[in-house]
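J.: Residues per chain, in single letters:
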Amino acid sequence: MLRFIVRRLLLTIPLLVGISFISFLVIHLAPGGPISVGTDMNPKATAETRARLEAYYGLDQPFYVQYGRWLGRMATLDFGDSFSPDGRPVAEKIRERIPITLTINVLSMGLIFLVAIPIGIYSAVRQGSLFDRVSTVFVFTGFSIPTFWLALLLMILFGVKLEWLPISGIGSLEYHSLGTTGKIADRARHLLLPVLLTGFTGLAGMSRYMRSNMLEVIRQDYVATARAKGLPERTVVFRHEMRNALLPVITILGLSVPDLLGGSVIFETIFAIPGMGQLFYQGVMSRDYPLIMGILTIGAFLTLLGNLLADVGYALADPRIRP
Amino acid sequence: MNRPLRRAILPPIVMLLLLAACSGGKQESEGKGTSVPDIPAYGDAIVEGSIGGVSGFLTAVTSDASSHAAAGYVFSGLVRYDKDLKLEGELAESWEVSPDGKRITFHLRKGVKWHDGTPLTSDDVMFTYRRMIDPRTPTAYGEDFKQVKRAAAPDPHTFVVEYARPFAPALASWGMHVLPKHLLEKYPDISKSPLNKKPVGTGPYRFIEWKTGEKVVFDASPDYFEGKPYIARVITRVIPDQSTMFLELKSGGVDTMDLTPPQYTRQTDTPDFRKAFNKYKYLASAYTYLGFRLSHPFFKDRRVRQAIAHAADKKALIDGVLLGLGQEATGPYKPGTWAHNPNVRKYPYDPLRAKALLAEAGWKEKDGVLVKDRQPFEFTVLTNAGNEARAKTAAILQQNLAEVGIRMQIRTVEWAAFINQFIDKRNFDAVILGWSLTPDPDQYDIWHSSKTGPKELNFVDFANPEVDKLLEEGRSTFDIEKRKKAYFRIQEILAEEQPYVFLYVPDALPVVQKRFHGIHPAPAGISYNFPKWYVPKALQKHRIQP
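Chains as they are written, first to last, in this note's numbering: chain R, 1 to 323; chain Y, 1 to 546.
None of these hints come from the bench; they were simulated from the model.
Everything numeric in this text was worked out from a predicted model, so none of it was measured.
Hints are not guaranteed to be accurate.
Each pair of labels, with its calculated beta carbon distance range [claimed, not checked]:
#1 R:Phe138 / Y:Glu365: 55 to 63 Å
#2 R:Leu153 / Y:Asp123: 57 to 65 Å
#3 Y:Ala391 / R:Phe143: 49 to 57 Å
#4 Y:Gln421 / R:Gln220: 29 to 37 Å
#5 R:Gly18 / Y:Gly386: 32 to 40 Å
#6 Y:Phe273 / R:Leu15: 39 to 47 Å
#7 Y:Arg136 / R:Phe138: 53 to 61 Å
#8 Y:Asp38 / R:Phe143: 36 to 44 Å
#9 R:Leu162 / Y:Thr265: 25 to 33 Å
#10 R:Tyr175 / Y:Glu96: 33 to 41 Å
#11 Y:Ala65 / R:Gly313: 35 to 43 Å
#12 Y:Ala391 / R:Leu15: 49 to 57 Å
#13 R:Tyr175 / Y:Phe273: 23 to 31 Å
#14 R:Val26 / Y:Ser98: 53 to 61 Å
By construction, the Cβ of each residue, glycine as well, lies at the ideal position given by its N, Cα and C atoms.
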């Protein structure tokens with residue numbers, strides 16, 4: 001097992017290099033560049049200014065030199081400095097966005113699992129019942145509704161009309177003067193709507209997945225055997241059906257690892273949350289190559305790590321595929 | 001044109017009641033209670049909504065509007081524009097231009113201190129100038145400073161610059177924020193210095209806190225050279241979505257923002273809103289135009305361009321795109337400014353006149369479409385994606401032109417691709433774009449025939465020897481009357497030639513919570529006297545402990 005993990009970890013290195021090369025190529029192929037933001041349609045920016053700025057950011061070098069430099073820095077885990085005017089280290093820019101992004105994602109993912117799995121199980125056990133049909137409509141409403149529109153409606157209701165919740169942002173103006181409990185309560189009030197909404201939109205996938213897994217398991221021989229043994233329905237459903245139906249969820253968990261640090265641009269924009277989604281979006285719009293590469297590399301690494309974790313977790317949970 | 005303040009009519013007490021209403025109670029009728037004395041008082045905070053986040057505080061290296069706005073609280077330049085958009089001294093008490101126009105001598109204010117207490121001297125100005133021309137400074141604004149032949153700081157309060165030839169826009173370039181030498185000296189690249197994140201300036205507000213992507217906080221500087229600003233704290237919140245920001249405004253989370261035309265005309269036209277907010281409206285320093293690639297076989301002929309100008313229903317554009325909140329543009333200057341010539345040839349909406357001009361140019365109508373040399377009059381107009389106003393403009397123009405037998409296709413392209421693949425390669429028939437205008441009227445870069453190289457701004461390839469000569473004249477004298485003459489004539493020629501069909505100048509539509517007093521709209525807008533805004537004691541909402 002250990003050898004398997006080590007081998008897989010070593011394999012991620014060439015994969016990461018390959019992914020980063022393709023990413024680097026693609027973002028450099030996109031029209032425009034880091035200096036266009038300040039110089040395009042700017043009467044003060046002459047050809048000389050442009051040449052100077054390109055040299056400043058090393059953009060005058062051939063593509064392979066730029067990539068080589070980037071790779072060399074990455075080998076020492078140095079993400080480089082952002083091309084945006086603040087020139088701050090990319091690692092610092094990403095680090096300051098992680099806590100809020102992680103909080104929202106963990107909470108909403110927890111919410112999704114907590115709600116979607118019971119819905120999926122119950123829908124499968126009572127397939128075709130009123131509950132099954134109502135919950136199907138409910139989760140698909142969440143899946144298909146335009147989130148920005150629903151978000152605005154909820155903001156109007158809870159923020160403007162009822163005045164129960166703040167509309168946007170992640171903290172009140174007086175956040176710093178609050179005590180610890182006050183701070184937690186304040187943060188919670190700000191995060192309630194975003195978390196509920198991301199949860200609502202994510203219910204469909206998980207609950208449908210759970211439902212179809214259950215339906216498949218229910219038809220297995222061992223379930224029939226369990227019933228034939230005269231086990232109580234509870235035991236059949238929870239020990240024999242659910243536990244087996246939950247197995248593929250490990251894969252989903254593994255695939256969700258990169259999502260923990262990914263942010264939704266739409267949600268973050270509409271709720272004014274300074275998270276990873278906005279950081280990445282702004283990076284792309286201003287062609288901030290080091291920042292884009294930094295976030296893409298982290299995403300790629302987490303994806304590979306998630307796959308590995310899923311494989312390991314699967315092996316642990318299912319004796320049939322143990323290597 | 002500017003709407004008078006309503007504050008004299010509505011007693012400020014109404015605001016108090018409204019604030020009370022915010023915490024759950026229902027709103028009271030007007031006129032109850034005693035009125036609050038309207039005298040300036042120190043204190044309270046203003047929360048501004050901003051679409052974009054700050055990317056740094058040194059304006060030499062930033063290029064986005066949000067960063068420049070934030071830096072404006074902390075830093076000052078030698079000169080600035082006053083409420084009538086005329087240059088006045090800021091850190092410079094006065095200045096003289098030598099008779100030959102080549103030398104400018106600035107006399108600095110005495111007793112100005114950096115926020116850390118160090119006095120400001122001409123050494124700081126010298127240092128700023130040197131950093132602007134330093135190749136290690138990643139600035140896009142170095143060009144004006146490279147024109148300087150010699151700079152000197154003969155004494156701590158005098159700064160002298162000499163140019164090879166008289167260059168009028170040079171004066172405005174000294175509005176560049178002056179940087180503190182004592183704090184920046186040891187950083188060869190100012191963009192990487194701590195000051196880009198924690199600025200120390202000479203402006204009305206001192207920097208307190210910057211939470212990236214979230215907010216910036218400034219507090220009033222007690223020793224600001226024009227007196228301590230009344231409003232104790234400024235908080236700029238980043239709210240990237242316009243609709244969210246508007247909801248924040250209504251619920252009290254934001255005190256001021258810029259409205260969109262639909263918000264201005266429809267969503268704010270309620271008694272509740274009028275009681276809580278003052279809306280302002282004045283011409284923005286920008287215009288939108290339809291620009292032709294002048295080498296295009298259709299658009300080579302001036303009569304065709306004039307015909308399109310007659311076919312474009314500008315009134316319908318202003319009504320449809322801006323909901324009436326704007327003015328017809330007649331040239332590349334803002335109406336009401338000194339360089340604007342109101343008496344140029346105008347092109348009223350007149351499809352018949354347009355058709356006549358097109359017929360004169362050899363275009364004959366066939367099945368509703370104009371044809372010449374067996375070629376139908378069909379072209380594509382390009383505009384950048386994500387700009388709703390321009391997309392609507394294109395749609396209305398399409399209809400207008402169809403009426404005179406011209407088929408116009410519309411194509412929207414993402415900004416970077418738009419510039420790189422289409423503008424730079426002259427791969428377009430016509431474009432709908434806009435310029436924002438600086439108060440200095442020098443537009444050499446846009447209209448001079450030498451400015452047609454790659455990445456240069458005369459991308460329609462306009463070439464007119466008289467305009468070239470006038471542009472050179474206009475920038476080489478400081479004499480306003482002479483400049484005015486040159487720019488008036490340029491506008492006459494542009495109106496005749498129509499290299500662009502000048503469409504409209506939109507209105508800026510700021511809104512401010514009513515507890516803020518002392519706002520006097522002027523051609524420069526409302527924020528020129530921000531340090532003098534105040535909230536009467538009884539209306540103050542936030543208690544600020546310095």
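J.: State for each hint whether it applies.
T.: Cross-check of the supplied hints:
no. : hint                            : in the structure
1   : R:Phe138 / Y:Glu365: 55 to 63 Å : holds (59 Å)
2   : R:Leu153 / Y:Asp123: 57 to 65 Å : holds (58 Å)
3   : Y:Ala391 / R:Phe143: 49 to 57 Å : violated (30 Å)
4   : Y:Gln421 / R:Gln220: 29 to 37 Å : violated (58 Å)
5   : R:Gly18 / Y:Gly386: 32 to 40 Å  : holds (33 Å)
6   : Y:Phe273 / R:Leu15: 39 to 47 Å  : violated (57 Å)
7   : Y:Arg136 / R:Phe138: 53 to 61 Å : holds (60 Å)
8   : Y:Asp38 / R:Phe143: 36 to 44 Å  : violated (55 Å)
9   : R:Leu162 / Y:Thr265: 25 to 33 Å : holds (27 Å)
10  : R:Tyr175 / Y:Glu96: 33 to 41 Å  : violated (51 Å)
11  : Y:Ala65 / R:Gly313: 35 to 43 Å  : violated (49 Å)
12  : Y:Ala391 / R:Leu15: 49 to 57 Å  : violated (42 Å)
13  : R:Tyr175 / Y:Phe273: 23 to 31 Å : holds (28 Å)
14  : R:Val26 / Y:Ser98: 53 to 61 Å   : holds (55 Å)
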